[in-house]
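Chemist: The chain contents come next:
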Amino acid sequence: MNRGRRLGRVGGLVVPAAAATPFVALWVGMMRSADDPLTVRARLDMAIWMAVFGTPWMVAAWLLWRAWWRRAGAELSVLDGPALLLAAAATTLPADRRDWGAAMTAELVQVQNPAARWRFAAGCARAALYPPGGNRAAVAGALTFAALAATGLATDAALPAGRVFALSFVGLVGGLATLAVARSGRSFRSGLWACAWATVLGGLLIVVAWLAEAPRWYRQVGGLLLDGEGGVGMGANLGDAIWWTLIVVVLWALPIGVLGAAAGSAPARRRRAREHDLAPPA
Amino acid sequence: MTRIRRPSAQTTAVVLAFSEQPATWRYGYDLCQQLGLKAGSVYPILMRLADRGLLETAWEHEAPAGRPPRHLYRLTGPGRVLAATLAAEATSRTVGRRPRLEGA
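Protein chains in written order, with numbering that gives the first Met the number 0: chain A, 0 to 281; chain B, 0 to 103.
No lab work stands behind these hints: they were computed from the structure. This structure is a prediction, so every number in the text was calculated from the model and none was measured. Even for Gly, the Cβ is constructed at its ideal location relative to N, Cα and C. Fair warning: there could be bad hints in the mix.
Unchecked claim - Stretch-level coverage of chain B by chain A, calculated; a stretch enters the list once three of its residues show a Cβ under 8 Å from a Cβ in chain A:
{"id": "1", "region": "30-44"}
{"id": "2", "region": "65-71"}
Claimed, not checked - Example chain B residues on the side facing chain A (calculated, C-beta under 8 Å, incomplete):
{"id": "3", "residue": "Tyr26"}
{"id": "4", "residue": "Gly27"}
{"id": "5", "residue": "Arg47"}
{"id": "6", "residue": "Asp50"}
To be verified - Chain B residues, not near chain A, derived (Cβ > 10 Å throughout):
{"id": "7", "residue": "Thr56"}
{"id": "8", "residue": "Glu88"}
{"id": "9", "residue": "Thr90"}
Can you build the whole structure from these sequences, using the hints too?
Modeler: Below is the structure:
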């Protein structure tokens with residue numbers, strides 16, 4: 000089996016396994032946090048619920064992996080380190096800059112010396128990650144990190160119980176803001192793609208943070224994370240996390256993302272209109 | 000053409016490098032080597048110049064088998080005007096400094 004095929008198969012196993020990890024971790028957490036020893040039947044019931052909710056995530060992750068691998072992965076698998084670095088960075092370029100990724104990739108082919116290849120690829124990767132007009136994204140990213148560090152310190156000192164929630168919230172908002180700034184001035188279509196990715200990743204983050212915090216909250220308060228309701232099993236947190244994430248994502252984040260895509264593409268639209276007005280007649 | 004701020008020293012170097020042979024198509028990697036600049040500096044400059052209509056870009060028509068076509072660059076008319084302006088400024092600065100240097 001060649002390297003590409005092997006990598007494809009390994010990825011096809013690793014990606015769904017990674018998607019299943021939060022559900023396995025939740026199941027383990029519930030087993031450990033139970034006040035009374037659970038019967039085999041109860042453990043099996045919870046495992047079945049985890050499988051019911053986790054399997055679609057695993058299948059979705061595998062489908063995403065397979066689609067990505069068919070499009071780009073097979074080509075990436077035959078590349079060396081510098082070419083991989085550049086290819087990965089080039090995928091972050093907005094649609095109207097894709098040509099530049101291809102241009103840098105074509106130039107890298109000319110460079111034979113390994114050290115020079117790494118230097119050239121690293122420079123190109125930097126240019127791809129921070130194209131002109133994209134420096135604001137680096138600033139937004141740095142601010143997000145600073146806000147995360149400050150939030151971590153502040154909650155540790157004042158409200159340890161809220162640390163996971165506060166860090167998740169700040170990280171999510173900061174990440175979305177960074178993404179929005181990075182994509183501002185791009186096309187509406189690329190904004191929609193960014194919205195889709197932010198929605199999927201943000202939704203996953205919310206579920207993961209919810210599932211990480213719920214067992215601790217359940218042990219302390221004896222109720223669900225959402226409303227503190229007692230008298231129900233901790234497994235109900237999983238349904239809450241997924242259901243409320245879907246509501247928030249579908250009803251709230253998606254339309255806001257579309258609005259953001261429209262607002263972010265407005266400067267580019269105005270610039271194109273201005274250039275069109277200034278262009279000499281044919 | 001949109002109004003352009005005063006170019007940085009690196010942008011000036013890139014524009015002047017193009018203006019040495021304005022009709023000749025150049026490659027990105029060759030420019031990096033000629034100017035001793037990193038790709039992370041040269042490519043953003045090339046992107047900005049192309050965005051502002053100062054640089055013309057094209058793809059190689061006949062690439063050798065087994066390698067992708069390379070991207071080519073050369074100055075447009077407005078780009079050559081900018082190059083001439085920058086060259087004149089560089090010359091006037093050199094001339095302006097000379098008496099002080101000689102007198103030192």
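Chemist: Hint by hint, which ones does the structure fall short of?
Modeler: 7
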